Every structure is written in structure tokens, then in C-alpha cells.
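**Q** Each chain, letter by letter, is given below.
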Amino acid sequence: MNVHLPTHDLTDRCSDYVAVLTLVMLGLGLALNAPRTCTAQEVNWIESWVFTGRSEDDVRKRLKEQVVLKVDQVDAACSLSEAQKRKLTLACKGDVDRFFRDIKSAREKTSGVKPQNANGIQEAWAEIRPLATRLQEGLFNEGSLFSKVLAQTLDDRQASEYSRTMREQMERRHRALVLDAVASLEEGLPLLQAERDRLVELALSQELKRFPGAMESFVGFAKLHKIPEADLKATLGEEQAAKFKQLLGRYDKILETLR
Amino acid sequence: MCCWIAVQAALSASAQEERKIVRADVQEANDDHDPQQHWLDAQCKSIEARMRTEQAFIKRLCAPSEEQIEKMAAMNSEWIRQRLNPQVKAVGDVLAMAFGGRRPRVALNANAPAERNAAAQKAMLTLHTSRLKEILTADQWAKYESEIASRAKFRNLATAECIVTVLDEKLALNNQQRKALVSVISDTCDVSQVYAPFYLQNQGYLPQVPNNILKDHLTPAQMLVINGFQMVEVKRDSVAGGQPLLDLVE
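Those protein sequences? They're chains A and B, same order as listed. Numbering of the first sequence is given in our numbering, commencing with residue 842 and proceeding in unit increments. Numbering of the second sequence is given in our numbering, commencing with residue 70 and proceeding in unit increments.
Derived by calculation from the structure, the hints in this document are not laboratory data. Here the structure is a predicted model, which is why all the values come from computation and not from measurement. Among the hints, erroneous ones may be present.
Residues of chain A clear of chain B, computed beta-carbon distances all greater than 10 Å [claimed, not checked]:
id: 1; residue: S889
id: 2; residue: K902
id: 3; residue: S922
id: 4; residue: Q925
id: 5; residue: F940
id: 6; residue: F941
id: 7; residue: Q963
id: 8; residue: S988
id: 9; residue: D1021
id: 10; residue: Q1087
Output of the computed footprint for chain A on chain B, the stretches with three or more beta carbons under 8 Å from beta carbons of chain A [stated by the list, open to error]:
id: 11; stretch: 131–145
id: 12; stretch: 280–287
Ideal Cβ positions, reconstructed from N, Cα and C, are used throughout, including at glycine.
Bound conformation, chain B alone (with noise of 0.2 Å):
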């Protein structure tokens, strides 16, 4: 009977250490074929091109040292993967909890949602600034941090100049409303992620802007005219509510 259970439990442990083998291999398999890899693939260079292309912005502007241009090419694909796989591997630990082991090939494949990847390239880009702050003397940033502000008004500017281009072709808005208009928008509401032409080419529909500040600059009888119209919200790259997936955490 002893030797009965001794070879069972020999059987056994052989067998856990078999699984345990397997189990290892499939999950070495798994993170060879990892979508989340293809989706940081994707989001490296992706993002990795959007920082040469301000990086080359800043070369025309301010002129930096080889110093300074070596460091910025330093925040190459290495260095945005050092920054978000970390966290993709969390999910992944979470998702594998959850499955019983497994990591499902469910979540940030390389077609993930929109906003995730646009959360991640806002968080990146957000890094990036920081970093070219560090690198950059005072009178560079303040020189960088001057154009991107006017960069970032004009963008806003040009949405809201649409924006009431819609609203006057529906309530044939005077010169006044429509300067008045233009500047509140692009002064107190951040548009800058509207997509504009939609909405004059869709003539059903209007952009979302705030009631108080209508009401402040239509009359009753526009008022009206503007209920009648679906208010819908069609962003650039359709971030969800600009709610952010990816937090940046010092």
C-alpha cells in the first residue's frame, strides 16, 4: 500500500512538473505572438514620429547644441518602450489572474480603440515635453513654449471659427454674434479635438457648445432654431470624453 502511494505521489509530482513545463511553454508561445507587443510595436513608432517631428521644429527654432541634439535623439523607440511596457505587462498580469492563468488576446492588440492609442501618445508626448524642458536653456523653452502655445491657440481658434461657421449658416448670425462668438469659444472652450468639417458637411447636425454661452449671444428665436438640431460630438481621433486611460504617475 506504501508503495502504492509512493508511486502515485512520484506519478503526480512527475505530472505537475510536466504541466508546469507545458504551461511555461505556452506562455513563452504567448508572449513571442503577444498582441499587446504589436500594439506597443504599433504605438512606438508611432509616437517615436511624432517626437522627431517636433524635435526637427525645435532644431529650426532655437538652434540646440550637439549635446542637446544628442539627448533628444536619445528619447528614441527603446525609450518609449522602456516607459509603457511596464504597464502593458501589468495588464497582461491582471488578465492572466483573471483567466486562470492565460493571458486571452483580448486587450491593446494592435487595433485597439482609438482613445487607448490616443491616450497613450498624449501620456508619451506629455513625457516628452517635460524631458525637452530639461534639456532645452531657459531661453530655448521659453522660445519653444511660446510657439506651442500660439500652435495650440490657433488650433483652437480655427475650430471655433467652423464651429460658428455652422451655426451661422443655420441662424444667420450677425457680424457681432458671429465675432462674438468666435471669441468666447476659442477663448473658453477647449475645441481643439472637434473635427470641424464634419459639421459643415453634415447639415443635420451641430457641435456641442456650451448652453450658458449660446444663450448669452442668440436671441430666443435662435435659441429655438439651435434645439431643433442634434448636438452630437465628433472628435479628431475620438478620444472618449478626453477621459485619459494611461495617467502619468512621477
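Isolated chain A, as found in the complex (with noise of 0.2 Å):
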């Protein structure tokens, strides 16, 4: 038996450089022979920082979308009436429109940065930057007119209704972690079955104290580092109980902010 290494990849690399070098020399020529008056490419820096190569109207008309199934999803939670479908649709549609406005007062502050203007392009990333991510997290967060709006509208068992809807859904999520985390951990040390089963129920059963978003995908591991020493013990015997606080003491510092 024996490993096979393909070359082709390798002697196509070759001719590649010859390919790179060759633009090269043809590009030094074009920049020698440009004249001097040439005037710099234009750059629609929000299509390309905040929409990701998307158009105004795709992004628009994709949040128009969200915003019917985002009162949908509230609907579903705790049955909403007519009219507060309406104020809620209006709330989402307002976040919509405020984040446009913002993206139009960017758009102003950034529409003549030329791309060779380093500093430019550093202030034009400033402004650009908070738009991306709240795009990038969603429109309808805490702090947005339709959470506002959403507290002030539900009543009493609609709000237990939906607050127990999210509880659940985060729940599923920290379930979805734990189980990935167990799938990491098992590169550096593989389960058996009963093992793994119990380290799941273990971990699923510790209750974390805080876990700041940009935290969250640690979340499993968290979990799995909070799994008391007599537990892990009597589930995988001392000797695995001590490879596995070693596999995890990689995170240590990290995971001290969850706790």
C-alpha cells in the first residue's frame, strides 16, 4: 500500500508564475505608458462593505421579507391580534427605514473616496463598519423599535408566551453547541457511546451565569468545563477524567468569562 501524491497541481503552480509574471511585465508597461491625468476607478463602498455585493433594492426587498416573518414568528409564539400585528409590522418597517437613512448619510460621507486614498478609505470604514454589522446581526435586536415596541404591546400572558418561545430557542442553540463541542473534544479524545451520551446530559444540565454574544460559540465548552470533577470522574474513569480537563485547559481563560 502505498500514498499517491498527484503533481499536476504543482506543475500547473509553474506555469502560473509564468502567467503572474508575465500580467506583471504587462502591467508595469500599462502603468509607465498611463498618462498622468488618469482618473481613479469609482467605488461604491456600501454596496461592497455593507451589502456585500448585493444591490440597495435586493437588500431592501430581502428585509421586507424578514420583517413579515419576523411578526409571523411572534405570532406563532403567543397569537397576536390584528392590530398589534400592525404596530409591530410598523415597528420592524421603521427600523428598516432608519437603517436606510443611515446608509444614505453614509453613502453621501463616502461616495468620492478614491481607492488610492488610504486614509479615506480608513474614515470611510469607520462610518461604514457599525452599518455593516447591525445589517450582519439583524435590524430587529435589543434596542430596536420593534423590541421596544414589542414590550409595550404584548400583554402579560403574550409576553410569558414569547419570552418562553426565545428561552427555548437559545436553549436548542446551547444544545447545538454542546453537542459540536463533544464532537471537538473527540479528536483528542474519542468516546465511547454510554460516554458520550452522559458527558451530553452533564453538560446540558450546567446552568451558565453570563455569555456575552461575541462569547457564545463557547458556549459547549463552557458547559463541558463546568461538569463537576466526581461526575466526570465516575463517567469516564480518572485516567480519560484528566485527559479531558487537560484537552479543555486550552480554554481556560477563555471560559472563566462564562462562568
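With the hints as a guide, bring the two chains together.
**A** Right under this line is the structure:
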């Protein structure tokens, strides 16, 4: 039995070098012959950085669909009246409008920035980055008009049902992260099926005090980290439990913030 | 004139001989500091660690005999090197031809692309598993095979759960949709290499799930929403498209 390493990609790479060299020389020639008055290419920073290549119309359309879905989501959780649906829909549209107002203002500030202007690009990025994050994280989160109107619109029963739905969603999210953490851990410490099942059960029963959004992907490891040592030894045995601790040790500093 | 020709021929022969010696020296120096050897060293170390982990698991699972343990231990760093080295040399030879006899320091260095490293690891671990099958008894192998199948199934299920959680938060799935999607994704798609926490952290992106699966389980309104997100594939070890760069040859 032998291992075969194909070589075609490397010979291709050699011809790539020749092609790249040719292009560089061609580019150099063009640059030397270019007129000094050549104008810089206009760049649409908003489309590139906030909409990641999509058009504004496309993003508007997608957000409109998300408004409908968001209200449907609340309705499915706690049965809204028609009046409540209208109110929440208006609030969502308000968030979308506010977002596009901010986009318009950022567009005005960044439209003249040329790709050659390093300082200008930095300033444009500072202007645009919060908008990109807002779109990335969703427009209807905490602090949005939607969340404020939601808190005022739902009655006690609805609020409790909605909050239960959200809690269940978070539990599903944490369960998924625990499963993923155990699967990752198994690269260094393969488990028997019974050990794995017990470990998942133990991790899911651990409560975390806090988990800042940016750290959420570590929730699974944090819950594993929190399993009492006695339970760990009873599940894995002394030697395996020590290896488990050693493997999770690399996350110690990160996990401290989540305990 | 004849004398002059003879002197020139002698000089030329001597110069050629000298050039050969210099070239051999350069070649030797290149071999001593060959980045491809650094790549090999790094791979051997990492692959051996993974093989040892697996062998420790087997010791826990099916109490192998001393002889079996010895045979497993023989699959060490040297065993890996012997199997990877000929092909690394062959790659070097092709490059040497392309670069007029010199071995350029471009390929297979210690910082080789993740997909090349992953492919080397995958190929060697497959060889390791085949060898384990020869070493273990039928009963031991059946026990081990059942455990590795359960591990692979669990890993796929874990990722499928993450993917469905991401979809759920964007599409407000009902219980039936959630269960059906977890089941169909974990049973029919190999998502074990997808780095799912990325999607839980980055709200603007969705993992790639085949459209026919989504269509069967989502409403038209949910499909409209899903089309608005960017679907990207983020892999645990960045194996590009799952395309193996190292193939196993019997």
C-alpha cells in the first residue's frame, strides 16, 4: 500500500508563475505608459462593505421579507391580534427605514473616496462598519424600535409565552453548541457511546451565569468545563477525566469569562 | 591547432566536471534544508499523535494482546514517513525538471495549505485504519468499527443540529420542521466538516444545505427569506471542496 501525491497541481503552479510574471510585466508596461491625468475608478463602498456585493434594492426586498417573517414568528409564539400585528409591522418597517436613512448618510460621506486614498478609506470604513454589523446581526434585536414596541404591545400572557419561546430557542442553540463541543473534543479524546451520551447529559444540565454574544460559540465548552470533577470521573474514569481536563485547559482563560 | 582543441576540450571537460560537483553540492544543501522535509516532519508528528489517540481508544475498548499492542506501536512516525516520503520526493523531481534542475522552495513547506495537510492526514489515517483491521481480531474490529460509526454519526448529528438551529432563528421553524430537517440533514448529507459555530456567531450567513432538502421542508415564504442570505461553506479544517490531494493506491 502506498500514498500517491498527484503532481499536476504543482506543474500547473509553475505555469501559473509564468502567467503571473507576464501579467506583472504587462501591468508595469501599462502603468508606465498611462497618462498622468488618469482618473481613479469610482468605488461603491456601501454595496461592497455593507451589502457584500448585493444591490440596495435586493437588500430592501430581503429585509421586507424578514419583517413579515419576524411578525409571523411572534404571532406563532403568542397569537397576536390584527392590531398588534400592524403595530409590530410598523415598528419593523421603522427599523428598516432608519437603517436606510443611515445608509444614505454614509453613502453621501463616502461616495467621493478613491481606492488610492488610504486615509479616506479608513474614515469610510469607520463610517460604514457599524452599518455592516447592524445588518449582519439583524435589525430587530435589543435596542431596536421593534423590541421596544414589542415590550409595550404584548399583554402579560403573551409576554410570558413569547419569553418561553425565546428561552426554548436559546436552549436549542446551547444544546447544539454542546453537541458540537463534544464532537470537537473527540478529536483528541475519542469516547465510547455511553460516555458520550452521559457527557452531553451532564453538560446540558450545567447553568451558565453569563455569556456575552461574542463568546457564544464557546458555550458548549464552558458547559463541559463546568461539569463537577466527581461526575466526570464517574463517567470517564480517572485517566480519561484527567485527559479531558487537560484538553479543555486550553480554553481556561476564555471560559473563565463564561462561568 | 590540434593541441589548442585538445586543451579546450580538456578545459571544457574539467569545467563540466566542476559544474557537476557544484550542482551536487547545491542539491545536497537543498536536501539538507528542504522545506518539503520540514512539511514531512510536521505531518509525521501530527499524524502520529492522532494515531496514538486512536490506539489508546482501542486499548480501552477491546483489551488488545501484547503482540497486537506492539504491532500498533510499530505504526510510528517512521512508518508514516516511509509512506509519504516517496511521493514528496516525486513532487520535488517534477519541480526540479520544471526549474532546470533546481528544487524551488515553493511546495509542501511546513506552512502548506490546510487542505494539503488535511488530505495527507486523511490518507494516512485511512491507511492506519486498514492496518488496524489486519491487527485486530474480527470481534475486536467489529466492536471498534461500531464505535467509530457511532462517533461519525454523532458528529454529523451535532453539526446538523447546529445548522437547523441557525435556520430556526432565521425562519421560525415549527417543531415538525426542526425534527424533520435535523433527521434528513444528518442522515443524507455529510456535514461533519462544516464549522457550525461560525453560523451561530455570524447572523448574515447560512450554511449550504441542498435546495431540494430545504424545498421539501420549508414553506414558500421561508424559502423567499432563505434566498436573501448568503450561503457560504466554512469547514473545520478548510478542506477545499473535499477534493483529496493525496489518493490511496494499493
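**Q** With d taken as the least Cβ-Cβ distance between K902 of chain A and chain B, does d exceed 10 Å?
**A** 7 Å, violated
**Q** Against chain B, does D1021 of chain A hold up as non-interface, every C-beta pair farther apart than 10 Å?
**A** 5 Å, violated
**Q** Compute the least Cβ-Cβ separation between Q925 of chain A and chain B, then decide whether it is above 10 Å.
**A** 16 Å, holds
**Q** Classify the label on Q963 of chain A as holds or violated, using whether its beta-carbon is more than 10 Å from each beta-carbon of chain B.
**A** 23 Å, holds
**Q** Over 10 Å to the closest beta carbon of chain B is the bar; see if F940 of chain A clears it.
**A** 14 Å, holds
**Q** Is the coverage entry for the stretch 280–287 of chain B by chain A consistent with the three-residue Cβ rule at 8 Å?
**A** violated (count 0)
**Q** Verify the coverage statement for the stretch 131–145 of chain B against chain A, using a C-beta to C-beta distance below 8 Å and requiring 3 or more qualifying residues.
**A** violated (count 0)
**Q** Find the nearest Cβ of chain B to the Cβ of Q1087 of chain A and say whether that gap is larger than 10 Å.
**A** Correct as stated: the minimum Cβ-Cβ distance to chain B is 12 Å, above 10 Å.
**Q** Taking the closest pair, is the beta carbon of F941 of chain A still more than 10 Å from chain B?
**A** 16 Å, holds
**Q** Grab the minimum beta-carbon distance between S988 of chain A and chain B and tell me whether it stays above 10 Å.
**A** Since the minimum Cβ distance to chain B is about 15 Å, S988 of chain A lies beyond 10 Å and the statement holds.
**Q** Does S889 of chain A sit more than 10 Å from chain B, CB to CB?
**A** 14 Å, holds
**Q** Against chain B, does S922 of chain A keep a CB gap of more than 10 Å to every residue?
**A** 19 Å, holds
Hint violations for this structure: numbers 2, 9, 11 and 12, all remaining hints satisfied.
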